[in-house]
Amino acid sequence: MAKIEKMKLGSQGLEVSRQGLGCMGMSAFYGPPKPESDMIDLIHHAIDTGITFLDTSDVYGPFTNEILLGKALKDIRNKVELATKFGADLADFGDGKISIRGDPAFVRAACEASLKRLQVDCIDLYYQHRVDTGVPIEVTIGEMKKLVEEGRIKYIGLSEASASTIRRAHAVHPITAVQLEWSLWTRDVEEEIVPVCRELGIGIVAYSPLGRGFLSSGTKLVENLSEGDFRKHLPRFQPENLEHNELIFNLVNEIALKKGCTPSQLALAWVHHQGNDVCPIPGTTKIENLNQNIGALSVKLSPEEMAELEGLASEDAVKGERYGTGIRTWKESDTPELSSWKTLKKGCTPSQLALAWVHHQGNDVCPIPGTTKIENLNQNIGALSVKLSPEEMAELEGLASEDAVKGERYGTGIRTWKESDTPELSSWKSE
Numbered sequence: 001m002a003k004i005e006k007m008k009l010g011s012q013g014l015e016v017s018r019q020g021l022g023c024m025g026m027s028a029f030y031g032p033p034k035p036e037s038d039m040i041d042l043i044h045h046a047i048d049t050g051i052t053f054l055d056t057s058d059v060y061g062p063f064t065n066e067i068l069l070g071k072a073l074k075d076i077r078n079k080v081e082l083a084t085k086f087g088a089d090l091a092d093f094g095d096g097k098i099s100i101r102g103d104p105a106f107v108r109a110a111c112e113a114s115l116k117r118l119q120v121d122c123i124d125l126y127y128q129h130r131v132d133t134g135v136p137i138e139v140t141i142g143e144m145k146k147l148v149e150e151g152r153i154k155y156i157g158l159s160e161a162s163a164s165t166i167r168r169a170h171a172v173h174p175i176t177a178v179q180l181e182w183s184l185w186t187r188d189v190e191e192e193i194v195p196v197c198r199e200l201g202i203g204i205v206a207y208s209p210l211g212r213g214f215l216s217s218g219t220k221l222v223e224n225l226s227e228g229d230f231r232k233h234l235p236r237f238q239p240e241n242l243e244h245n246e247l248i249f250n251l252v253n254e255i256a257l258k259k260g261c262t263p264s265q266l267a268l269a270w271v272h273h274q275g276n277d278v279c280p281i282p283g284t285t286k287i288e289n290l291n292q293n294i295g296a297l298s299v300k301l302s303p304e305e306m307a308e309l310e311g312l313a314s315e316d317a318v319k320g321e322r323y324g325t326g327i328r329t330w331k332e333s334d335t336p337e338l339s340s341w342k343t344l345k346k347g348c349t350p351s352q353l354a355l356a357w358v359h360h361q362g363n364d365v366c367p368i369p370g371t372t373k374i375e376n377l378n379q380n381i382g383a384l385s386v387k388l389s390p391e392e393m394a395e396l397e398g399l400a401s402e403d404a405v406k407g408e409r410y411g412t413g414i415r416t417w418k419e420s421d422t423p424e425l426s427s428w429k430s431e
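Under full-length UniProt numbering, the residues of the sequence shown are numbered 1 to 431, in order.
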């Protein structure tokens, strides 16, 4: 069996096994939960073989997958790199309702709950599973940054985040990893998301690298899906798309036969060959499949073979969306500007908040905002009623430090206080 080497994930010091293990299917979404004892044996086997990067989420079950990991890792916590995720408000899960939340109170409560279920003191990599598009990403990452400072989590990750959201998040605190779906039949991340991750030194964690199992067995997978398996409802697995998508599997299978490997090993090897900053996390519930996935690390692909595979599995070669309606992806993950959050909380406009900050500098300060409209004048007067606490003042000053703004106040030729020193009086007298 191939030796599982370690790799650096991101630029903040996290090292993980070159291939991870997605644990979702053990407890949820892919049919009924699997027997706990069997899954614990599988997890232990993975660790013994060198697969130490384990991926879960509070939404898997919900909660039961984290509980399973907590039991499996008892007394061997220090042997693994543990990643979990938050973002889904599961308060009304029984009614089939899931909302996405990224407000500070929710972030903290979700983390504390995951720590308890996992029976650990610290989470190695904590992802925002889906982005709350009603909360500025700076607010969410700001709270996660506090969790890092408190030792509750070590590294911060994002899942299904847009390029602009990743950039804004990274400006608040370094993002260690972005989790995204990347496989031979899901390549929409290659144009924007992957380049921005590489520009910023962010590791890439590829989930569903086997196309949710389709690249392992093609339409046979669909024929054998159990009741309650959510793949039955995914667009790509519907009859109107399935026949076309089967062509991709058949071509992958043909190349695999020539390479002397399985189609799943070939598909997984393609992901591994995307770069040393990419860690796929295929999921499985069977030890034999885990061993087979490890074998993908030994499959070497030439540039010509990579090109052949990419030619048959271009982004537009697959029919059907990744998800059905109601499940958010990176394409719907932009968040409001930070200023909107500050003003929404205070119940005032951005200009009133900014003006109130000046008023709060002291009783000896008189701002003189200009305007040409009566409605703006009235709004500016309203700033006198906005009260800011010391904590709010500190928060505002933290996000708008002197070096946070790019560009000088004026162009060349206009003098400011920095160039306002005058000669000594004695020099004038002497003249």
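If you're looking for bench data, these hints aren't it; they were derived computationally from the structure. Keep in mind that the hints are not guaranteed to be accurate.
Each computed DSBU-like pair below joins lysine-lysine, with the alpha-carbon atoms no more than 35 Å apart [claimed, not checked]:
id, residue 1, residue 2
1, K345, K286
2, K116, K331
3, K300, K342
4, K373, K387
5, K259, K79
6, K406, K387
7, K220, K145
8, K373, K345
9, K429, K8
10, K6, K300
11, K74, K146
12, K79, K286
13, K406, K429
14, K145, K406
15, K74, K8
16, K342, K145
17, K8, K154
18, K3, K74
19, K34, K154
20, K6, K145
21, K406, K373
22, K146, K71
23, K6, K387
24, K373, K154
25, K116, K259
26, K373, K300
27, K146, K406
28, K116, K319
29, K345, K259
30, K259, K346
Source: prediction; values computed, not measured.
Here is what the structure says about each hint:
no.	hint	in the structure
1	K345 with K286	violated (49 Å)
2	K116 with K331	holds (33 Å)
3	K300 with K342	violated (52 Å)
4	K373 with K387	holds (25 Å)
5	K259 with K79	holds (34 Å)
6	K406 with K387	holds (29 Å)
7	K220 with K145	violated (45 Å)
8	K373 with K345	holds (26 Å)
9	K429 with K8	violated (70 Å)
10	K6 with K300	holds (18 Å)
11	K74 with K146	holds (27 Å)
12	K79 with K286	holds (21 Å)
13	K406 with K429	violated (43 Å)
14	K145 with K406	holds (24 Å)
15	K74 with K8	holds (25 Å)
16	K342 with K145	holds (18 Å)
17	K8 with K154	holds (15 Å)
18	K3 with K74	holds (25 Å)
19	K34 with K154	holds (30 Å)
20	K6 with K145	holds (26 Å)
21	K406 with K373	holds (29 Å)
22	K146 with K71	holds (28 Å)
23	K6 with K387	violated (53 Å)
24	K373 with K154	violated (51 Å)
25	K116 with K259	violated (46 Å)
26	K373 with K300	violated (69 Å)
27	K146 with K406	holds (26 Å)
28	K116 with K319	violated (42 Å)
29	K345 with K259	violated (59 Å)
30	K259 with K346	violated (63 Å)
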